[in-house]
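Student: Residues per chain, in single letters:
There are 2 protein chains.
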Amino acid sequence: MEKFLAKAKSSSRVLNALSGSDKNRILKEMADALRSNTMNLIEANALDMADGEKNNLSSALMDRLLLDEARIEGMAVAVEEIAALKDPVGRILDGWVTEDGLNMQKVSIPIGVIGIIYESRPNVTSDTAALCFKSSNVCILKGGKEAQNSNKAIADVLQAVLERNNLPKEMISLIPDASREGVDKLIKMDKYVDLIIPRGGEGLIKHVSANATVSVVKHDKGQCHTYIDRDAKLDNAIAIAINAKCQRPGVCNAMETLLVDSAIAKDALPKIKSAFDEYHTELKGCVETQAIIDVENATEEDFDTEYLANILNIKVVDGVEGAIEHIVRFTSGHSEAIITENITSAELFLNSIDAAALYVNASTRFTDGGAFGFGAEVGISTNKLHARGPMGIEGLTTYKFKIYGSGQTRG
Amino acid sequence: MEKFLAKAKSSSRVLNALSGSDKNRILKEMADALRSNTMNLIEANALDMADGEKNNLSSALMDRLLLDEARIEGMAVAVEEIAALKDPVGRILDGWVTEDGLNMQKVSIPIGVIGIIYESRPNVTSDTAALCFKSSNVCILKGGKEAQNSNKAIADVLQAVLERNNLPKEMISLIPDASREGVDKLIKMDKYVDLIIPRGGEGLIKHVSANATVSVVKHDKGQCHTYIDRDAKLDNAIAIAINAKCQRPGVCNAMETLLVDSAIAKDALPKIKSAFDEYHTELKGCVETQAIIDVENATEEDFDTEYLANILNIKVVDGVEGAIEHIVRFTSGHSEAIITENITSAELFLNSIDAAALYVNASTRFTDGGAFGFGAEVGISTNKLHARGPMGIEGLTTYKFKIYGSGQTRG
Chain D
1 MEKFLAKAKS
11 SSRVLNALSG
21 SDKNRILKEM
31 ADALRSNTMN
41 LIEANALDMA
51 DGEKNNLSSA
61 LMDRLLLDEA
71 RIEGMAVAVE
81 EIAALKDPVG
91 RILDGWVTED
101 GLNMQKVSIP
111 IGVIGIIYES
121 RPNVTSDTAA
131 LCFKSSNVCI
141 LKGGKEAQNS
151 NKAIADVLQA
161 VLERNNLPKE
171 MISLIPDASR
181 EGVDKLIKMD
191 KYVDLIIPRG
201 GEGLIKHVSA
211 NATVSVVKHD
221 KGQCHTYIDR
231 DAKLDNAIAI
241 AINAKCQRPG
251 VCNAMETLLV
261 DSAIAKDALP
271 KIKSAFDEYH
281 TELKGCVETQ
291 AIIDVENATE
301 EDFDTEYLAN
311 ILNIKVVDGV
321 EGAIEHIVRF
331 TSGHSEAIIT
341 ENITSAELFL
351 NSIDAAALYV
361 NASTRFTDGG
371 AFGFGAEVGI
381 STNKLHARGP
391 MGIEGLTTYK
401 FKIYGSGQTR
411 G
Chain F
1 MEKFLAKAKS
11 SSRVLNALSG
21 SDKNRILKEM
31 ADALRSNTMN
41 LIEANALDMA
51 DGEKNNLSSA
61 LMDRLLLDEA
71 RIEGMAVAVE
81 EIAALKDPVG
91 RILDGWVTED
101 GLNMQKVSIP
111 IGVIGIIYES
121 RPNVTSDTAA
131 LCFKSSNVCI
141 LKGGKEAQNS
151 NKAIADVLQA
161 VLERNNLPKE
171 MISLIPDASR
181 EGVDKLIKMD
191 KYVDLIIPRG
201 GEGLIKHVSA
211 NATVSVVKHD
221 KGQCHTYIDR
231 DAKLDNAIAI
241 AINAKCQRPG
251 VCNAMETLLV
261 DSAIAKDALP
271 KIKSAFDEYH
281 TELKGCVETQ
291 AIIDVENATE
301 EDFDTEYLAN
311 ILNIKVVDGV
321 EGAIEHIVRF
331 TSGHSEAIIT
341 ENITSAELFL
351 NSIDAAALYV
361 NASTRFTDGG
371 AFGFGAEVGI
381 STNKLHARGP
391 MGIEGLTTYK
401 FKIYGSGQTR
411 G
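Those protein sequence lines, which keep their order, are chains D and F. Counting along the first sequence from 1, when you hit position 394 you're at 394 in this note's numbering, and nothing is skipped either side. Counting along the second sequence from 1, when you hit position 315 you're at 315 in this note's numbering, and nothing is skipped either side.
It should be emphasised that the hints constitute simulated quantities derived from the structure, not laboratory data. In this text, all values refer to a predicted model and were calculated from it rather than measured experimentally. Just so you know, not all the hints are guaranteed correct.
Copies of one chain are not kept apart here, so a pair can be met inside one copy or by any two copies together.
What the hints assert, rightly or not - Calculated lysine to aspartate or glutamate pairs in the EDC-like style (CA-CA distance at most 20 Å, straight line):
no., residue 1, residue 2
1, Lys-7, Glu-325
2, Lys-273, Glu-347
3, Lys-106, Glu-347
4, Lys-9, Glu-321
5, Lys-28, Glu-81
6, Lys-191, Glu-306
Please take these sequences and the hints and turn them into a complete structure.
Tutor: Here is the structure:
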C-alpha cells in the first residue's frame with residue numbers, strides 16, 4: 001500500500017503540471033474510451049449482477065448496479081460535461097499589496113491526493129475520477145464490493161487512456177486493497193493522502209472519522225425538516241412538503257419530519273394527510289398530531305431516523321420558536337425549510353439554525369450541485385469546514401499564497 | 001466534561017444572537033477588566049513563576065511566562081484591537097439566483113464551539129478568547145500547565161465580565177479537566193465541539209490528529225527553506241537569508257535550510273559564511289558545501305529538523321530544479337522562498353512547490369497574520385484545508401446558504 005501511495009503522490013506533481021487543454025483532451029479521450037468499451041463494461045457488470053442475484057440484493061440495488069448502453073453513454077457524456085467546466089485551479093482568488101510592499105496572490109491549487117469511499121452506482125467511479133482529474137487531483141477510489149467488477153473495468157478503461165498519454169496510471173486508481181484493513185491503512189496515510197471523502201452509511205462515516213489521521217470531508221445523512229408556519233400559504237406549503245418527501249424519498253435532501261404550527265394544526269393536518277395519502281406515504285405523528293388525524297405514533301427514535309423511504313414524521317410545534325427548538329435538537333446540518341409569508345419568522349429561522357442549506361418557501365430537494373448551479377458535484381458535504389453542502393469541483397481545490405517581493409526583510 | 005460541553009454548545013446559540021455592537025462593548029469591558037485586575041493577575045502569575053523556578057524552566061521560558069504591568073496593558077490593548085476589527089460573521093460572501101429562481105445567499109457564520117490547545121505565553125489566553133468572542137465562537141481553552149495560575153486568573157476576569165452581562169460563562173472557558181485524559185475526551189466530543197486547534201509541539205499535534213473525531217486545524221512546525229538562484233542579486237539574497245534565519249530564530253517561519261545554486265556556490269558560499277558568522281549562526285553543510293567552506297556536516301536528519309535556534313543547514317543544489325526536488329522532499333508546507341531575478345525560475349518554483357506561502361525575493365519571516373494584513377491571528381495553520389497559512393479571524397468562520405424561494409418544488 002505504501003509503495004502504491006508514494007507513486008500516487010509523485011504522480012500528483014505530474015498531473016499538476018498538465019495544462020488545462022491537455023486535461024480536457026484526455027478527458028474527452030476517456031469519454032470516447034468508455035463508449036468504445038461498452039461491451040467490455042457490460043460484460044464485467046454482468047458478473048456483478050450475477051453476484052447480486054446470488055446475494056439476494058434488492059431490486060432497487062440491482063437497478064442501481066446495472067450498466068447498459070444508455071447508462072454507459074450517460075457516463076461518457078458526464079465526463080465530457082466535466083471537461084467543459086472551467087478549470088478550478090490556477091484562479092487568483094484574491095490579491096493585494098501589503099504594507100511592506102509584498103505583492104500577494106491567493107491562488108487556487110489542487111488538494112493533492114484524495115481517497116474517496118463510496119457505495120452505489122458504478123457511474124460514480126467515472127464521474128469522480130473525471131472530477132478529480134479535471135481539478136488536477138490524484139484519486140484513490142474505493143467503491144462498493146457489489147460493483148467491484150464494474151468499477152475495475154471502468155478504472156481499466158480510464159487508466160489505459162492515461163498510459164496512452166504517457167501518464168502514470170496511479171493518477172486514477174482503485175484502492176489496491178479494498179478490504180476493511182486496506183481502508184484503515186489508507187485513512188492513516190497522511191504522509192501521502194491529503195483528503196478522505198467517505199460517502200455512504202453512518203457506520204462507515206463514523207469509523208472513518210474516528211480513525212483517520214487524514215482530513216475528512218464527510219458526506220453523511222440528511223435529517224431534513226420542513227416547518228409549516230401559521231403564516232404560510234397552505235396550498236403552497238403542502239405542495240412543497242409533498243415534493244420534499246415524495247419526489248425521491250431515498251435521497252439525503254428528502255424531508256424526514258414535517259413540523260406544523262399548533263396555531264393551524266387543526267385545519268392543516270387533515271389536508272396534509274389527504275395529500276400524502278395520495279402518495280401512499282406512511283405517516284407517523286406526535287400525540288398532538290394523533291389527536292387530529294389518525295396516524296401511527298412517532299417516537300423520539302423516529303424523529304432521529306433518516307428513513308430514505310416514503311415514511312414521514314409529523315410533529316405539532318409552538319410556532320417558529322418551537323420549530324427551531326425541535327430542529328436544533330435533531331438536525332444533521334443538511335437542509336431545513338420554513339414555509340411562511342412572515343419575514344420575521346423567516347429570518348429568525350434562517351439565523352437560528354445551523355445547517356448547510358436553509359430554505360424559505362422552497363423544497364429541501366434543491367440541495368445539490370446541479371440545482372445550486374455548481375455543475376457536477378462530488379456529493380453533498382455534511383462537514384462544517386472546507387466544503388459545506390453541495391461540493392462542486394471548487395470543493396476539490398485549496399489555495400496557496402504566491403508572494404512577490406523585491407528584497408523585503410522583516411523589521 | 002459532557003455536561004460542561006452541553007452548556008458550552010447551548011451558550012453558542014446565545015453568543016450567535018449577540019449584535020456586533022454588544023460584542024464590541026463587552027470586549028471593551030474585558031480590556032478594562034484586565035487593566036483593573038492587573039495586581040490580581042500579577043499575583044497569580046507569581047505562583048507560576050515560582051513553580052517555574054522550582055522546575056528549572058529555562059530563562060527564555062521564564063521570560064515568556066512573566067506577566068508585568070506593561071504586558072497586561074498589552075493584553076488589554078490587543079483585546080481592544082480585536083474589538084475594532086470588522087465583524088467576520090454575517091457577511092454575504094456570495095449571492096446569485098438559480099435557474100429555478102431561488103435567491104441564494106452564502107453567508108459567513110461562526111464555526112460554533114472551538115477547542116484550542118496551546119502552550120506558551122499567558123497572553124494567548126486573552127487574545128484567543130477575544131478572537132473567538134468577536135467571531136461569535138465559544139472557546140474551550142487548554143493552556144500550558146506551566147501557566148495554569150495565570151490562565152485561570154485571566155479566564156476568571158473575562159468570565160466575570162460575561163456574567164455581569166448576564167451571559168453564560170461557558171462562552172469562554174478553560175477546559176475543566178486539563179489532564180491528558182481530559183484533552184483526549186475533548187477531541188472526541190464531535191457532538192459538542194466543532195473544531196480543535198492544536199498549537200505546539202509535534203508530539204501533541206500528532207496525538208490530536210490521530211485521536212480526534214472533531215475536525216482539526218493543525219498549527220504545526222515550519223521546515224522553511226530559502227533558495228539562492230544563480231540569477232539572484234547576491235547582496236539581496238544574503239540580506240534576505242540573514243533575516244530569515246537570524247531575526248528571530250525560534251519561530252516557525254524562520255529558515256532552517258539555505259539552498260545554494262551550484263553555479264554560484266564557489267563565489268557565494270564564502271560570502272554567506274562570513275555574513276552568518278557575524279550573527280554567530282552555527283552552520284552545517286552538505287559535502288559540496290564543505291568542499292568550499294569550513295562547516296560541520298549536515299545529515300539527512302538535520303535537513304528534516306526544525307531547529308528553532310540559530311543553526312542553519314546549507315546545501316548546494318543543481319539550479320531551481322534541484323532546489324524544488326529538495327524542498328518537495330523536506331517541506332512542512334509552511335513557507336519557502338526563492339531569490340532570483342529570473343522570471344522563469346521564479347514561476348517554476350512558485351508552481352512546483354506546495355506550501356502555504358511561497359516567496360520570490362523576500363524573507364519567509366513575513367508569514368503571519370499581521371504582515372499579511374489579516375490583523376490579529378489565531379496562529380499559522382499548517383492544514384491544507386479550511387485555513388492555510390496565517391489564520392485570521394475569518395479563519396474562525398464557516399458559512400451556510402440562505403435560500404429564498406417562492407414556492408419552488410423540484411421537477
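Student: Under a CA distance limit of 20 Å, which applies to Lys-191 and Glu-306: within one copy, between copies, both, or neither?
Tutor: between (36 Å within a copy, 18 Å between copies)
Student: Regarding Lys-273 and Glu-347, is the shortest C-alpha distance of 20 Å or less found within a copy, between copies, in both, or in neither?
Tutor: neither (28 Å within a copy, 65 Å between copies)
Student: My question is about Lys-28 and Glu-81: at a cut-off of 20 Å on alpha-carbon distance, are they close within one copy, between copies, both, or neither?
Tutor: Only inside one copy: Lys-28 and Glu-81 sit 9 Å apart there, 54 Å across copies, limit 20 Å.
Student: My question is about Lys-7 and Glu-325: at a cut-off of 20 Å on alpha-carbon distance, are they close within one copy, between copies, both, or neither?
Tutor: between (50 Å within a copy, 15 Å between copies)
Student: Treating 20 Å as the Cα threshold, decide for Lys-106 and Glu-347: within, between, both or neither.
Tutor: between (34 Å within a copy, 14 Å between copies)
Student: Have a look at Lys-9 and Glu-321 and pick one of within, between, both or neither, based on CA distance no larger than 20 Å.
Tutor: For Lys-9 and Glu-321, only the inter-copy Cα distance (18 Å) is at most 20 Å; the intra-copy one is 50 Å.
The structure is inconsistent with hint 2 alone, although it conforms to all the rest.
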